[in-house]
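Sequence order for the protein chains is A and B. Taken in order, the first sequence gives residues 1 to 346; the numbers are from this note's numbering. Taken in order, the second sequence gives residues 1 to 538; the numbers are from this note's numbering.
FYI, nobody ran anything at the bench for these hints, they're computed from the structure. You may find that some hints are simply not true.
Unchecked claim - Under the rule of at most 16 Å between Cα atoms (straight-line distance), these lysine to aspartate or glutamate pairs were calculated in the EDC-like manner:
hint, chain 1, residue 1, chain 2, residue 2
1, A, Lys72, A, Asp98
2, A, Lys268, A, Glu139
3, B, Lys217, A, Glu334
4, B, Lys28, A, Asp95
5, B, Lys28, A, Glu73
6, A, Lys254, A, Glu338
7, A, Lys195, A, Asp95
8, A, Lys268, A, Asp93
9, A, Lys271, A, Glu73
Treat the numbers as computed from the prediction; the structure is a model and nothing was measured.
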Amino acid sequence: MNRKKSILIMIIGVLLIAACSREPTSLVVMTHDSFAISEETIAAFEEENNIDVVFLPSGDAGSTLNRAILTKETPIADILYGVDNTFLSRAIDEDLFDAYIPPLLNEIPDSFKLDDQNRVVPIDYGDVCINYDKQFFRENNLEIPSSLDNLTDPKYANLLVVENPATSSPGLAFMLATIAEYGEERYSRYWRELKENGAVIVNDWETAYYTNFSGSVGQGAQPMVVSYGTSPAAEVIFAEEELSESPTASLVGKNMCFRQIEFAGILKGSKNRALAEKFIDFMLSTQFQEDIPLNMFVFPVNQNAHIPQEFLDYIQIPDHPAAVDTDEIAENREVWIEAWRELMLQ
Amino acid sequence: MASILGHTFTPGSDAFSTDQINWNITGKAVGFTFYQAFLSTLITLLVGIPSSYLFGRFSFRGKNLLRILSTLPFILPTVVVAAGFNALIGPKGWLNLLIMDILQISTPPIRLLNSIPAILIAHVFYNTSIVIRVVGTAWEQLNQKLENAARMLGATPKKVFWKVTFPLLLPSILSATILVFLFDFTSFGVILMMGGAAFTTIEVEIYIQTMQFLNLKMAGILSLIQLTFSMLLTFLSLRISGNKNVPIISMIEGEGLKIPDSLNKKLFVFILTVILVILLVSPTIALLLRSILTFSMSNPTKEMASWAFTFENYRGLFFNDRHSLFFVPPITALRNSVLFAGATMTIALILGIMISVSYSKSERSNKYLDFLVMLPLGTSAVTLGMGYLSAFSSIPNSIRWFPVLIPMAHALIALPFVIRIIQPAIHSIPENLHEAAMTLGVPEKKLWRYLDLPLIKKPLATAAIYAFAVSLGEFGATTFLTRPEYPTLPIAIYRYLNLPGGENYGRAMAMASILLIICGSGFFIIERLQIKVKGGNQ
């Protein structure tokens, strides 16, 4: 009996040691759930650097940031990807990152570099825009709205579905667009008018797009939905049959779309600094950047990256996307959202 | 559990400044939480108790199938339920299209989505099976001799019900009620997706405070509030049912079940069956149908002609078109889901039995045990998830991700359920049965296997089914523990629904249908096994 026990203990000991010693040979990247990239791209990095890349999907953007903050004393990853411009100030205030200036940063347009201390690096961007159902507007001979003001016009009554900024990232983006257009003082009035004009408000994008929107397979009641600028292209790429044109398109009037930029940064306390730097470089390389559009349905920041044809064919890029200063967002986010909710809750 | 609570309450305990709390919204949240939970539970009972009578006293064709089908909703992620409802009663849903066709009107008559009725219906859809299984099993095991004796002594059927049957059923009814109420009280997905932005509950507020505002202090306080109310209500329900336990009389399988003979009885069975099918089964069928249909976006009309049958959604599940690193092969997801569910069921049952048996005769310690046991049910899933994170953040990475953590976490969530179902059953075994058996020569060690186990096999099966179901459908609290190498079916479904496009939607429906079929099969197997367990009669 004693011999068996000691053999068992030895085996357990060896296993534990083996388990613990596996750590240094992998690079851990914490991401949100919408992160996607192709196997070949990651395999290329892994082979070149002789390392395993492990991804940690951690919920939506807010949830991922939460996780990073909760574990910042003993970080569970080397790199955090997925902080967007609405959460940027918060992430920086929590002192999560170590600065790094990748060589390719020079080639990225300045408009994306929202952190002048380079604690985070921009990786991709996308616009949150209202998508509309082309067929509905055709059949009813309706002009498409060209401004946010238009949406309060009675001829568009009951035709818009919006998401709750408190529970949805595109919802928040759209609310910020209205703040960019009308300012803090007047945006409440705008929303009251929208509400009186019958705007339907749901809590999440899935419900809005797949249940309420008439332009997709859900065949809902509203022909306008707050979604992403790339959604019309996705409708073609993921159609169940060959489509010659997209059934939807975006409204790209002034301040009608909100630009979201996503960042990545090296977490403080990472034990793989050298490799993490290489991975950030890799994320800005054309190979990685060209892989982004069809996997995540956003645009690469690297202007040398080639954009897929479907994107060029079916996506409308706004000339004047709305933007709000990231520090202002950090300061006033709660106030703005609570005020909005007071207005909309019954 | 203790470490989770510790970490949960630390963020909350140092927020004594109340200026961060928006009392207006909090007040509305608390009020509405109670309102919708109360109403939902009431309607669930209204549907569930007659249904328990149906299942507990009658035998009819398709009974087992109906029971399995009506339990399936329990495992469905809310996103999928919303899709099923939409397919049925959405503006261009099939039911609406049908009615518009028949009555020749142009606007859809049923406009239920995004409203309080939608929330209530969804809750009834999810939870009626709890009442059916818990109360139905109790009803079936009720000794009819008591009722017959009362009739012989001259009582009218009405009196028999209220004076004999109902008091005997009360403990199980209360068990079911508190379970359903707590589910509705902490309900998240349903409120979020079926209700819309005009409504908020405590759970939704916790989610917003945590995820949107990263305000863990406020989230902690709200969790405390929610927990306090949950525990209070649990105490209340336990007080009302007292510690009365109805002695189980052993019966031959199916002894109390009769085929309906009179016209009244036949009508009752028929009508109730139809109602149950409409309420509990049709959305599931709608889902299954939706997965084998494709909608033509190049010709989207209101006619049925835009639809065509196809298995493409299932075929497409196996293809990783984008060569995505995060592609979830359906077989893998299935295997993982089933393995986790099986492990959860085993862990929850073993722990549940152990804990139930340890309920002593002392009332006071029972109360504390009950309190501890119901804790996970009354706790917010978001808080639980955050708690796991804090509790486990000090453990080295490689151990943290051992897959065994997932069934353990699932078992924690399933445990209150299991105990609420098994504990009354165990304590209903009359003492003298043990003594009689021992007199007849059964060694004490074998008492459990030959006497107790067969006597409680039906509640055990019910508990097993729910532990299995909880694990299969779990998505919220355990997303913090999952790794991409061990994807489960709900995670795969969400991945597809995160992107626009008919293909993605169709594949999500196909995955959901696979989930349904696997779960149904699991239920079927568990029920079969339960019948095979020998014993139950002298």
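Hinted pair, alpha-carbon criterion (16 Å max): Lys268(A), Asp93(A). Please report holds or violated. holds (13 Å)
Given the hinted pair Lys254(A) and Glu338(A), is their alpha-carbon gap at most 16 Å? violated (26 Å)
Holds or violated: Lys72(A) with Asp98(A), Cα cutoff 16 Å? Holds: Lys72(A) and Asp98(A) sit about 12 Å apart, inside 16 Å.
Hint check: Lys217(B) vs Glu334(A), CA-CA at most 16 Å. Holds or violated? holds (14 Å)
Regarding the pair Lys195(A) and Asp95(A), is the alpha-carbon distance no greater than 16 Å? violated (39 Å)
Does the alpha-carbon distance linking Lys28(B) and Asp95(A) stay inside the 16 Å limit? violated (36 Å)
Quick one, are Lys28(B) and Glu73(A) close enough, alpha carbons at most 16 Å? The hint is violated at about 37 Å.
Assess, step by step, whether the Cα of Lys271(A) is no farther than 16 Å from the Cα of Glu73(A), and give holds or violated. holds (13 Å)
Sort out whether Glu139(A) lies within 16 Å of Lys268(A), counting only the CA atoms. Since the Cα atoms of Lys268(A) and Glu139(A) sit roughly 56 Å apart, the hinted pair is violated (cutoff 16 Å).
Figure legend: structure checked against the earlier numbered hints; hints not met, in rising order: 2, 4, 5, 6 and 7.
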